[in-house]
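Q: Residues per chain are reported as follows:
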Amino acid sequence: MTTAATAPASTPLTLAGARRFAEDVLDGLDITERAYHHLHFSLPLVAELVHRAARLMPRGRLLLVGGNALLAECLVRLGYGLEVWQFPGTYLTGALAPLVSRCLRLEDLEDAGLPRGAYRLVIVPLVLESLPGSPEGFLRSLRRAIAPGGRALVATANQSALGVRLAAAVGRPFFPRPEEAAISLSWPALPRRRLYHRDELVDVCRRAGFQTLRCDYIIGERAFLEMEPLNVQDYAFRKLRRLLAWGMPSMRDVIVAELAPRLGEADDAASSGQPVVSVIVSVNQGGRRLRETLGSLLHQSYPPRLYEVIVLHDGSCEEASTTVAEMGAVGRCSVRELLLPRTEGPTARNRAMAEARGQVCAHTDDSCNLPEDWLKSAVAWFDEDTAVVSGPVFALPGSEPRYLSVPGTRPDPDDKGFLSQVLFPITNVFYRTTAALASGGFDSSLAGGQEELSFGWDTELAWRLQRCGWRVRFREEVYQFRLFPPTGGRREWPARQMRQASDLPRLAAAVPEFGSKALTAGLFASKQTLYFDLALTGFLATAVTRRWPWLLLALPWLGVVSQRVDLWPPGEWPGSARTVARIGVRHLVWLAGLLRGSLRARRLVL
Amino acid sequence: MKIVYPYPTYWPYIRRGAERCIHDFSNYLARRGHEVDIVTSKPGRERVTYDGPVRVIYLRQFSHPLTYRYGPLLRLYAFGLGALKLVLQGRYDVAHLWSYSSLVAAPLIKQFLGLPYLYHLIVRSHHWPGRLDRWLFQQLMRRASKVAALTPGGAQEASQLYGVPVEVLPPPVDMELFRPCAPKDLDHPQVLFTGDLGDPRKGGPLLLRAWNEIHRRCPSARLVLAGPFGLVGFDFEFAVYTLERMEVVRSPSAREAIEVCGPGTLDQLPQLYSRAAVTVLPSVEEAFGMVVTESLACGTPVVCSAYGGPGEIVTHPSVGVTVPLMSYFDLVSERAASQLADAVLETIELARRPETVANCREWAEPWSLENVGRQLEETLESAASSGLGRGRVFSGARR
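Taken in sequence, the protein lines are chains A and B. Going by this note's numbering, the first sequence opens with residue 1, and the numbers climb by one from there. Going by this note's numbering, the second sequence opens with residue 607, and the numbers climb by one from there.
Treat each hint with caution, since some may be false.
[Unchecked claim] Short derived list, chain B residues pointing at chain A, Cβ under 8 Å:
1) Ile-620
2) Arg-651
3) His-670
4) Arg-675
5) Pro-869
[Unchecked claim] To be clear about the criterion: a stretch of chain A counts as covered by chain B if any three or more of its residues have a C-beta under 8 Å from a C-beta of chain B, and this derived list gives those stretches:
6) 20 to 27
7) 34 to 43
8) 85 to 98
9) 217 to 228
[Stated by the list, open to error] Label-pair restraints from in silico Cβ distances:
10) B:Asp-791 to A:Pro-191: 29 to 39 Å
11) A:Gly-163 to B:Arg-822: 39 to 49 Å
12) B:Leu-767 to A:Leu-15: 51 to 61 Å
13) A:Gly-247 to B:Pro-678: 29 to 39 Å
Simulated from the structure, these hints should not be mistaken for lab results. Using N, Cα and C, we set each Cβ at its ideal position, and we do this for glycine too.
Hey, can you work out the whole structure from these sequences and the hints?
A: Structure representation (structure tokens):
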């Protein structure tokens, strides 16, 4: 005598559609009136979970940990191969009973022994807040149970919910009295032990090996049960609370997180602080520089048995092989060479990481001098959810002056301070090998043409890993010194600088975090380019409109430039004028490069 | 005949005695060739569905927290108004009303539109909060074409109280459906309670208190709770939630031995009764006690109150044991809990006797659907023949 709700058509299930679908399913359930009202009360969260489940994984094997009869029934009718883990005291309909694979207590959840890679989707609604200890262990086992490409949906009570805030304000207990043996007609009546803030939830999920795709505040229940007698004051209060929750999302009662297993396993050795490290050194200059770099690597304070050195070179420099052999003969650590057609770039680095035996790969080149604690300092920061460690790069004497480089492209610390923190330069970066390789390694499409590598090819991987849920660290103690060689002769530098400038918009497009953190106002390569663009606008406007006040726009740039010229005695003026002209020309070249790159990348950087 | 059953609640939303009676009677009459409609209400959207050959029209239930607080009967009267429209449109020959059918305009419909009705009393003492409610109820009783009660004792009481002739029409038990159909594990005897868990009158808390003692003396026994969880809008006493928390069962091992099945479906009930060693209905103010006849039909002896409907059914020690439970005070007394425990253990022993199953089934025969259904059909035909038939004329235009 029931009318069965059918699964919605193949069109994507919107939230409103999910709500209607859940109402239809509820309408057709063979349940008592009281169970109906209890389930109807929980319908907003059910609809939200159904909507998200349908969007994340339209079909497949699904595990529901806890849950209620309505949610389970909706998922069955959507065509999932559903398996339910039930807690004692939960009330499910008879039709769902065959789907219950386990009935277990909260204390046993962590050791439930989930089969590896068995589920495409796991939904855990309102369970985490009741676990007796940290949910990390349970989430970790959950992560292993999710098949490649699978997802998890976790809903938990919000610590910032309005009810909790009000309870805190008037000194009332946060949790209702524990009702351990209650019969629940909706969500399992589990005793709440603690509530989570959104940041805390994201953090614990990351530590458990999850990447948080989304984390939202949700209104999880209706304002009241229809069967619940309320006086006018209570009724008005409930309505007001609902109104506030609508207006202020952080005050809603439930947090829903969409999780994906992080790529790459966090192995125990890497997290215990004593991993094997493979130091990958590419040969760019060879000779004395290579000898110095390898020399500094052989005298690291890190245990020699726990690191190896892999030297990348193309065989064109015989001295490189000799140096590698000599350093290897010293016997402090393993030193080997890897011959590749190109010594630098995504392909070479990925190949070297694939050949490395270390759980951590340290990347550098022969332009660097490495302090003796370089490896030890970096490796100490690899905990179980860290995939990348980087540090500052200081310019060695003889390097090209910063002001001659395209703004926003030098990793050594500048006046803005944090540019070095977003570039993850290949000369001073450590990657968790499995994570880097599992996520695809360095992106070859960012490397540019055959002749010269594009700027920023080495930046994207770290940000990608961070988006995958790994922690990325920048530590000041992981510093090094590097020689930034001059760009080239007078004839070569315009072309090189223009090409380098044109790489900047592409990097900003490929790595949005770079655009937001490294660029001034998200648009200008640096303050200097901003001032120059203003000055240029002022000059052009003056020329067109014949109105001199436009020249005031040039004042900031002139103020900056005046720091590099001598205005007195007058004998210095010709030289100062030439300096100003050179700076102006450099800015024009950079601007041309930035505009060309902006057009190609469809991301405006000035 | 075209027969209508207006009642504010029905399956699957409420599963108690009245709804079971309506289901059994309506299906019996439909199988006999009559056209039967049930007009009822449910939470959520309106819909029309079929319960076997019977059409069930669900109206939208009037539910709101403020009405539950300030006017609980508004829900019933709101249903009565909604049902009135359908009854007028339906061209029915006769209506079968029950104590709380809420069709308060039935006397007017009978008088002016000629729709006769049978008024069936399903409780012994009706509770109406206001004078108007009481007056409407009396009008419904006195102007009915026929009045019936569930037991002879109930009929006698009602007849004396309201001064109208009252027939006896007990709830039927379908002997084909309710029959011994599953083996009993008497090494681990099951004690079955199918009453409404949320209704304190059904004695759930008393059984749970007695369960401490039953489990102590018979550790292998299991208590199976297979009832619904309370009538929404009517039972908001503290006892409802006390029962749910099961705090009255103090021993953890005794608590472990309780299985909460929920109400399940009608098809599962015969198996539950058959598997059980004893069915317990420690209720007060019980007009009949369908649990008792159903359990007996499945060959399972019962423990119930010595008063009210159950006391009129279980009158021989070969089919069960009665406990003197008369009022709410008995449901909270330790003495009654102790007596109930003794009675349950005694009945478990009774279940171990090989002849008990046959005795129980034979005892239930007078309440069989065939017997009672035939009686009902005659009563309704008699009532319908007294009608003027103007209801058909009135409602024809909308049909």
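Q: None of the hints should be skipped; say for each whether it holds.
A: For each hint, the structure was consulted:
1. Ile-620: 6 Å, holds
2. Arg-651: 6 Å, holds
3. His-670: With a closest approach of 6 Å, the His-670 (chain B) hint holds.
4. Arg-675: Holds, about 4 Å.
5. Pro-869: 6 Å, holds
6. 20 to 27: holds (count 3)
7. 34 to 43: holds (count 5)
8. 85 to 98: Since three or more residues must qualify, the claim that chain B covers the segment 85 to 98 of chain A holds, with 4 doing so at under 8 Å.
9. 217 to 228: It holds, with 5 qualifying residues against the three required.
10. B:Asp-791 to A:Pro-191: 29 to 39 Å: Since Asp-791 (chain B) and Pro-191 (chain A) have Cβ atoms about 34 Å apart, the given range 29 to 39 Å holds.
11. A:Gly-163 to B:Arg-822: 39 to 49 Å: With a Cβ separation near 42 Å, Gly-163 (chain A) and Arg-822 (chain B) satisfy 39 to 49 Å, so the hint holds.
12. B:Leu-767 to A:Leu-15: 51 to 61 Å: At 57 Å between Cβs, range holds.
13. A:Gly-247 to B:Pro-678: 29 to 39 Å: Given a distance of about 34 Å, which is inside 29 to 39 Å, the answer is holds.
In this structure, every one of the numbered hints holds.
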